[in-house]
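Going by the working numbering, the first residue of the first sequence is number 523, and it counts up by one from there.
Treat the hints with care, as some may be off.
As the list claims (entries may be wrong) - DSS-like, lysine-lysine: derived pairs with alpha carbons at most 30 Å apart:
#1 K798 with K719
#2 K839 with K738
#3 K560 with K928
#4 K780 with K798
#5 K780 with K831
#6 K627 with K738
#7 K798 with K998
#8 K659 with K643
#9 K780 with K719
#10 K738 with K530
#11 K882 with K902
#12 K825 with K780
#13 K695 with K738
#14 K670 with K622
#15 K998 with K935
#16 K929 with K831
#17 K877 with K560
#18 K578 with K719
#19 K882 with K796
#20 K674 with K695
#21 K882 with K997
#22 K998 with K929
#23 K655 with K670
#24 K738 with K719
#25 K674 with K659
#26 K653 with K738
#27 K719 with K659
#28 K913 with K848
#29 K902 with K848
#30 K825 with K798
#31 K825 with K902
#32 K900 with K970
#33 K928 with K913
#34 K670 with K560
#35 K979 with K962
#36 K928 with K882
#37 K864 with K998
No wet-lab data here; the hints were simulated from the structure.
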Amino acid sequence: MNKKSEEKIRLRFAPSPTGSFHIGSARAALFNYLYAQKEKGVLVLRIEDTDRERSKKIYEEDIMRSLSWLGMTWEEGVFEDEERGDYGPYRQSERGDIYKRYLMKMIEEERAYYCFCSKEKLEKEREESEKNKIAHKYSGTCRNLPIKEQDKRIRDGERYVIRLRLPENEIIKFDDRIRGSVSFSSGELGGDFVIGKENFFPLYNFACVVDDYEMKITHVIRGEDHISNTPKQIAIQQALGIEIPEYAHLPLILGNDKSKLSKRHGSVSLFEYKEKGYLPEALINFISFLGWNPGGEREIYSKEEIIEKFSFSRCQKSGAVFNIDKLTSINGYYIRNMELEKLTEIVVPYLISEKLITKKGEGEYYAPQRDEDINFRKIKDIISLYQERIKLLSEVPLLTDYFFIKKLDYDPKLLLWKEASPEDTIRQLQNCISLVESIKRWDLETIKEGLIREADKNDNKGVFLWPARVALSGKKASAGPFEIIWVMGPEMTIERLRMAIESLKGIK
RNA sequence: GGCCCCAUCGUCUAGUCUGGCCUAGGACGCUAGGUUUUCAUCCUAGUAACAGGGGUUCGAAUCCCCUUGGGGUCACCA
């Protein structure tokens, strides 16, 4: 049992809670999740909150809520109100002692050293190399200070940082699961880089390496923007004499201008997509297919199928532009193919937030603008008229509002079909009223039959059907008149038709 | 600028590893047509790409080199 669990691969998703969860983070998380599921491994959620200034609890909650909303699960690390796992704590802010231990060890073994260079001095050096157009590199002023002097200067209270003593000219090579062999020369890492600050406070690359090691992470899957951190982390691992995990660097998600997707590309916060009415299934499908695909022509895959098919060898190496039109189209597909019951359930909150309805009880709602009760069943019927027209859930209130309000607000001229006169249109609407009044069996088929028979009396069905539909919905575009009448019921239908006739009398 | 990475329709991509079946396929978008009372759905058709140049080969989107282009990254942030 124990042995078996040690063989499991272990992955981590390690966001820093310094902003709202966005598409880029979602993608990194997703690929970790997919691979973990595929290999039946363990996914750890670690919070990288060493930056106390910028880290906020609300962002941490946002991360977890977003992951859950998308249907991604993790088995270890930070959860809503607890931590699970044997390698905690899982927040970097609580792991200070661990980093300190490793940092001290590095100093003792002379793998790292104290540096007393002032920021100003370093800044000047950097400007100098920039001016001469050569790659900036730490000059190494403090690299070979005698230990005694180091100790003395610390005792004297001089400010310092801790730098890694980088091997001179060594090739750092790693085998990226997506990119293949990638190599850097140690001399090109910018010199002995800083791994810790005063009081043995770790910097990102160091904390990351220590955590990955302590948490027994076997595979690091992250965005390509981390690829240049990898040789640094490997250098630290080598200095520490610890095992190097496998790496896979995902291609970046790009904005329309092909640069890394960021805030300036508009709404990237996942929450905004949720609000607009994108479904998690659609998002998962779409994001998976940015930089990966199972081959072949099918494009709609469930999460389970994606997990089953997932492999690094089918990952793209180049970045992918985030194409919102395609996402929207996939979203529409998922909506059309959803259970009506479920669709209605997730649409109701949108109706409520637009104040079209309020909740009274289980399955019972109230339409304040009509002063009428309305039950779930009726809302479901309304949604059924729009299921194949909806691309975003947020469109629903605007599309269906006419069912929930008393008086429609539209230009009476809209009632006129093409060249039709107001008088003729009034006649058509009156016919429609008598027809509706005469219907005995209130079902869609009967209503449809009756209306079509009436419509066929004209050269063109539109002469009759268009004004009826506009009278009911008040809109240029809507569901068809048969369906609307069927859902509205005779009373409201006749009320609407009469109102239309009245408004037509005014325009001639 | 140094370093690293990448390169098929406007976009996401199949095909590349293991050259020939590629007259380069699909999807989104757009255009036209059909169904239709409107809108949407659905169906049909069209639009549009192997970055350029050298090799290797009987044969290159596919292998090699160069050029060009794009991106990432260069902190006492993560």
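Hint check results:
1. K798 with K719: violated, 44 Å
2. K839 with K738: holds, 27 Å
3. K560 with K928: At roughly 54 Å apart (the allowed maximum being 30 Å), K928 and K560 break the hint.
4. K780 with K798: holds, 24 Å
5. K780 with K831: holds, 28 Å
6. K627 with K738: holds, 19 Å
7. K798 with K998: Holds, at about 23 Å.
8. K659 with K643: holds, 13 Å
9. K780 with K719: With Cα atoms ~36 Å apart, K780 and K719 exceed 30 Å; violated.
10. K738 with K530: holds, 10 Å
11. K882 with K902: Holds, because 16 Å separates the two Cα atoms, which is no more than 30 Å.
12. K825 with K780: holds, 27 Å
13. K695 with K738: It holds: about 21 Å lies between the C-alpha atoms, which stays within 30 Å.
14. K670 with K622: holds, 21 Å
15. K998 with K935: holds, 11 Å
16. K929 with K831: violated, 53 Å
17. K877 with K560: Roughly 44 Å between the alpha carbons, so the hint for K877 and K560 is violated.
18. K578 with K719: holds, 22 Å
19. K882 with K796: Holds. K882 to K796 sits at ~25 Å (cutoff 30 Å).
20. K674 with K695: violated, 38 Å
21. K882 with K997: Since the Cα atoms of K882 and K997 sit roughly 29 Å apart, the hinted pair holds (cutoff 30 Å).
22. K998 with K929: holds, 16 Å
23. K655 with K670: Roughly 37 Å separates the two Cα atoms, so the pair is violated.
24. K738 with K719: holds, 25 Å
25. K674 with K659: The hint holds at about 27 Å.
26. K653 with K738: violated, 44 Å
27. K719 with K659: holds, 19 Å
28. K913 with K848: Given pair K913, K848 holds - Cα atoms ~11 Å apart, limit 30 Å.
29. K902 with K848: holds, 27 Å
30. K825 with K798: holds, 21 Å
31. K825 with K902: holds, 27 Å
32. K900 with K970: holds, 19 Å
33. K928 with K913: Holds. K928 to K913 sits at ~27 Å (cutoff 30 Å).
34. K670 with K560: violated, 54 Å
35. K979 with K962: Judged against 30 Å, a Cα distance of about 21 Å means the pair holds.
36. K928 with K882: Since the Cα atoms of K928 and K882 sit roughly 20 Å apart, the hinted pair holds (cutoff 30 Å).
37. K864 with K998: Roughly 28 Å between the alpha carbons, so the hint for K864 and K998 holds.
The earlier numbered hints that this structure contradicts are 1, 3, 9, 16, 17, 20, 23, 26, 34.
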